[in-house]
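The listed protein sequences correspond, in order, to chains A and B. Using numbering that gives the first Met the number 0, read the first sequence as starting at 0 and increasing by one per residue. Using numbering that gives the first Met the number 0, read the second sequence as starting at 0 and increasing by one per residue.
In short, the hints are calculated from the structure, not lab data. Because the structure is a prediction, the values reported are computed rather than measured. Each residue gets a CB set at the ideal place from its N, CA and C atoms; glycine is no exception. Each hint should be verified, as a subset may be incorrect.
Here chain A is said to cover these stretches of chain B; the calculated rule only asks that three of the stretch's residues, wherever they fall, bring their Cβ under 8 angstroms from a Cβ of chain A [to be verified]: (1) 13-26; (2) 44-51; (3) 267-276.
Distance condition first, Cα-Cα at most 20 angstroms in a straight line; then the derived SDA-like pairs of lysine to any residue [what the hints assert, rightly or not]: (4) B/277 x A/47; (5) B/163 x B/148; (6) B/79 x A/154.
Residue strings, one per chain:
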Amino acid sequence: MNSAEFLLWVRGPGLNIAMVIFIIGMLIRLLEIFMLGRKQNLAELRGNGISAGLRTIFTRSTPADKNSMRRSMFTFVAGYGFHIGLFVVIFLLMPHIQLIQSLLGFGWPALPTPVVDLFTVIALISLMALLWRRLTHPVVRYLSTPQDYLVWAATFLPLLTGYMSYHHLWFPYSWLLGMHILSVEFLLILFPFTKLTHAFTLFISRWYTGMMAGEKGVAS
Amino acid sequence: MSKATLDRGVQILKEHIDAPTAAYFSSCVNCGMCADACLFYTETGDPAYTPINKLEPMRRLWEQEYTLVGRIKKLIGLSKPVTDEELGEWSDLVYHACSMCGRCSMVCPVGNDISYMIRNIREGISAAGYAPEGLIGATTRAVEIGSPMGITMHALNTQARNIKESSGLEIPFDREGVDYLVLLSSMEVINFPEYLEAIARIFKQAGKSWTISSEAFEATNSGIQIGVSDIARELVSRVVEAAEKLKVKTVVSPECGHAYTAIRWDGPNLMGRRFSFKVKHIIEVLDELREEGLLKVEGIEESCMTFHDPCQLVRKGGVIEQPRNLLKMIATNFVEMEDSGKMNWCCGAGGGVSAIEEAEGIRLKAFNRKKSQLEHLQVDTLVTACSNCRIQLEEGLEVNEMDIPVVGLTEMLADHLVEE
Ligand code: SF4
Ligand code: SF4
Numbered sequence: 000m001n002s003a004e005f006l007l008w009v010r011g012p013g014l015n016i017a018m019v020i021f022i023i024g025m026l027i028r029l030l031e032i033f034m035l036g037r038k039q040n041l042a043e044l045r046g047n048g049i050s051a052g053l054r055t056i057f058t059r060s061t062p063a064d065k066n067s068m069r070r071s072m073f074t075f076v077a078g079y080g081f082h083i084g085l086f087v088v089i090f091l092l093m094p095h096i097q098l099i100q101s102l103l104g105f106g107w108p109a110l111p112t113p114v115v116d117l118f119t120v121i122a123l124i125s126l127m128a129l130l131w132r133r134l135t136h137p138v139v140r141y142l143s144t145p146q147d148y149l150v151w152a153a154t155f156l157p158l159l160t161g162y163m164s165y166h167h168l169w170f171p172y173s174w175l176l177g178m179h180i181l182s183v184e185f186l187l188i189l190f191p192f193t194k195l196t197h198a199f200t201l202f203i204s205r206w207y208t209g210m211m212a213g214e215k216g217v218a219s
Numbered sequence: 000m001s002k003a004t005l006d007r008g009v010q011i012l013k014e015h016i017d018a019p020t021a022a023y024f025s026s027c028v029n030c031g032m033c034a035d036a037c038l039f040y041t042e043t044g045d046p047a048y049t050p051i052n053k054l055e056p057m058r059r060l061w062e063q064e065y066t067l068v069g070r071i072k073k074l075i076g077l078s079k080p081v082t083d084e085e086l087g088e089w090s091d092l093v094y095h096a097c098s099m100c101g102r103c104s105m106v107c108p109v110g111n112d113i114s115y116m117i118r119n120i121r122e123g124i125s126a127a128g129y130a131p132e133g134l135i136g137a138t139t140r141a142v143e144i145g146s147p148m149g150i151t152m153h154a155l156n157t158q159a160r161n162i163k164e165s166s167g168l169e170i171p172f173d174r175e176g177v178d179y180l181v182l183l184s185s186m187e188v189i190n191f192p193e194y195l196e197a198i199a200r201i202f203k204q205a206g207k208s209w210t211i212s213s214e215a216f217e218a219t220n221s222g223i224q225i226g227v228s229d230i231a232r233e234l235v236s237r238v239v240e241a242a243e244k245l246k247v248k249t250v251v252s253p254e255c256g257h258a259y260t261a262i263r264w265d266g267p268n269l270m271g272r273r274f275s276f277k278v279k280h281i282i283e284v285l286d287e288l289r290e291e292g293l294l295k296v297e298g299i300e301e302s303c304m305t306f307h308d309p310c311q312l313v314r315k316g317g318v319i320e321q322p323r324n325l326l327k328m329i330a331t332n333f334v335e336m337e338d339s340g341k342m343n344w345c346c347g348a349g350g351g352v353s354a355i356e357e358a359e360g361i362r363l364k365a366f367n368r369k370k371s372q373l374e375h376l377q378v379d380t381l382v383t384a385c386s387n388c389r390i391q392l393e394e395g396l397e398v399n400e401m402d403i404p405v406v407g408l409t410e411m412l413a414d415h416l417v418e419e
């Protein structure tokens with residue numbers, strides 16, 4: 000397989016396979032969650048659970064309070080750095096928006112590529128910092144399973160290959176681009192079957208927690 | 000209760016995995032932030048005490064039973080089944096080293112309500128036969144004698160008689176149609192008899208009618224702490240039946256956090272029906288009296304005071320402003336503890352920890368959190384509204400040679416009532 004054929008495959012059949020697995024896999028995961036159901040709360044409510052649940056979906060993106068932030072400072076800084084960087088790279092880079100437009104039929108304005116490049120670097124550095132913490136911090140190391148390292152690598156690779164493609168580092172561009180797309184496909188395939196699902200399910204978690212606390216009159 | 004076995008434990012655990020639990024396990028990214036919120040971790044530095052780790056057997060069971068990949072892995076023998084020894088080992092983590100304070104649930108960035116799951120994993124671990132001795136004893140006494148500490152009606156009658164003799168106040172038993180059915184915790188009856196006299200005085204001044212049921216005076220619910228829903232239901236039903244028989248409007252939970260949670264929030268769900276009466280914590284009732292102008296106090300405490308928020312009142316109950324409103328009536332020099340209100344740190348003895356003898360070491364270690372909060376503040380008096388917290392605070396302060404009196408809010412208010 001030469002680089003042109005490789006690129007053709009990852010852009011065509013490869014992407015289709017990955018997308019199908021991702022979408023069906025995620026639907027199964029969501030069904031698995033919701034089918035378990037939950038008991039109705041019969042206690043007299045102190046507050047509106049629905050508005051509290053919706054509120055928590057947003058507020059959990061920020062620290063609970065100043066002291067909690069201070070205690071988990073490293074995770075907050077690196078976590079924000081990584082997630083914001085990743086978000087900008089996925090959704091505000093011109094070629095990505097063009098791809099989305101070709102799939103969905105609509106797009107939005109992009110950020111200048113050098114700016115996105117900066118966010119890529121922020122995301123990469125943050126991810127490395129998080130890996131370092133995973134390997135060295137007693138609690139995080141204790142909790143970590145092989146899967147944590149697998150999803151770390153699966154997230155790191157698309158960012159790294161994207162960065163390398165943009166800067167034409169070390170390999171021919173078409174191979175780099177092909178590797179970049181392939182690594183994204185790898186990520187998509189892993190997604191529904193690993194804790195990468197948190198990107199979706201965290202909204203469900205926050206919703207339930209916020210709602211249950213809100214019914215007791217507590218802003219969670 | 001049928002015989003405790005691993006099978007039963009696993010079965011019960013499975014029954015307690017619901018949609019929120021599945022969402023929580025799906026979302027956890029093993030970031031470790033919940034550890035920073037848990038006093039059992041911060042005061043010991045032991046990573047095993049990380050809140051989410053306390054659920055590991057339940058997490059694996061969820062994965063193996065309720066996810067596609069987990070089921071495939073189980074089929075081809077790639078997954079590690081939950082074992083008897085493991086549940087035994089986890090007993091220490093979920094009973095000794097967790098007070099179900101809910102602090103972890105406030106900080107988890109993906110929004111996991113970890114303490115909600117701990118409440119549920121206890122059901123499975125107790126069904127497998129690994130509940131701690133101390134809690135089994137308390138639960139047995141609660142079922143058989145009517146109180147986890149073995150207090151009988153006889154003891155309560157004696158106390159009522161003593162109050163009558165010393166203050167002339169009548170403690171009303173089994174009156175129908177009154178405003179309040181007052182519940183007590185055995186801790187209070189034994190350690191803080193002043194509480195009963197305090198409410199007698201306050202309700203008299205406010206002109207409210209009240210009673211104690213001789214059939215159900217105990218408010219705490221060991222069934223919830225140990226995690227046996229059948230027993231929890233039986234204990235709650237005694238209160239519900241008494242309240243309905245006496246046709247009261249409101250059932251008043253004493254100064255006890257977990258008792259409040261048990262009746263106010265878990266009660267109707269255990270019974271499977273809504274209550275025909277209201278359930279309020281005594282502090283809520285007192286704050287209502289204050290609002291209605293029925294709580295008349297005089298004199299001001301000048302010593303520097305702070306308030307220890309019982310976890311079950313703030314984080315699990317939404318009673319946050321009420322104690323502060325009340326304190327400000329009689330204290331000019333009131334200071335807030337760091338992280339006060341809904342982020343307050345647990346005293347270290349909640350959720351049944353205080354009933355477990357073997358947990359004494361870790362319980363007193365956990366107290367170090369409160370100790371450093373208090374050292375920081377330098378107050379003369381520590382006020383709280385939970386007798387379980389109060390005992391732990393008193394013991395912790397004594398062990399650490401800190402001379403700070405601990406006072407119950409209800410009694411303090413009663414001491415300031417305008418004499419009529
Ligand atoms: S804070 Fe939440 S996401 Fe992080 S390890 Fe604990 S439970 Fe998991
Ligand atoms: S509920 Fe409280 S004691 Fe239990 S794990 Fe969470 S923070 Fe720790």
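Here is how each hint holds up against the structure:
Counting residues of the segment 13-26 of chain B whose CB lies closer than 8 angstroms to any CB of chain A gives 10, which reaches the minimum of 3, so the coverage claim holds. Three residues within the 8 angstroms Cβ limit are the bar, and the segment 44-51 of chain B against chain A gives 5, so the coverage statement holds. Counting residues of the segment 267-276 of chain B whose beta-carbon sits less than 8 angstroms from any beta-carbon of chain A gives 7, enough to reach three: the coverage restraint holds. Between residue 277 of chain B and residue 47 of chain A, the direct Cα distance comes to roughly 18 angstroms. Compliance with the 20 angstroms bound is thereby established for this hinted pair.
At most 20 angstroms may separate the alpha-carbon atoms for a hinted pair to count; residue 163 of chain B and residue 148 of chain B exceed this at roughly 24 angstroms. Our distance criterion of 20 angstroms between C-alpha atoms is broken by residue 79 of chain B and residue 154 of chain A, whose separation comes to about 27 angstroms.
In summary, the structure is inconsistent with hints 5 and 6 from the numbered list given earlier, while agreeing with the others.
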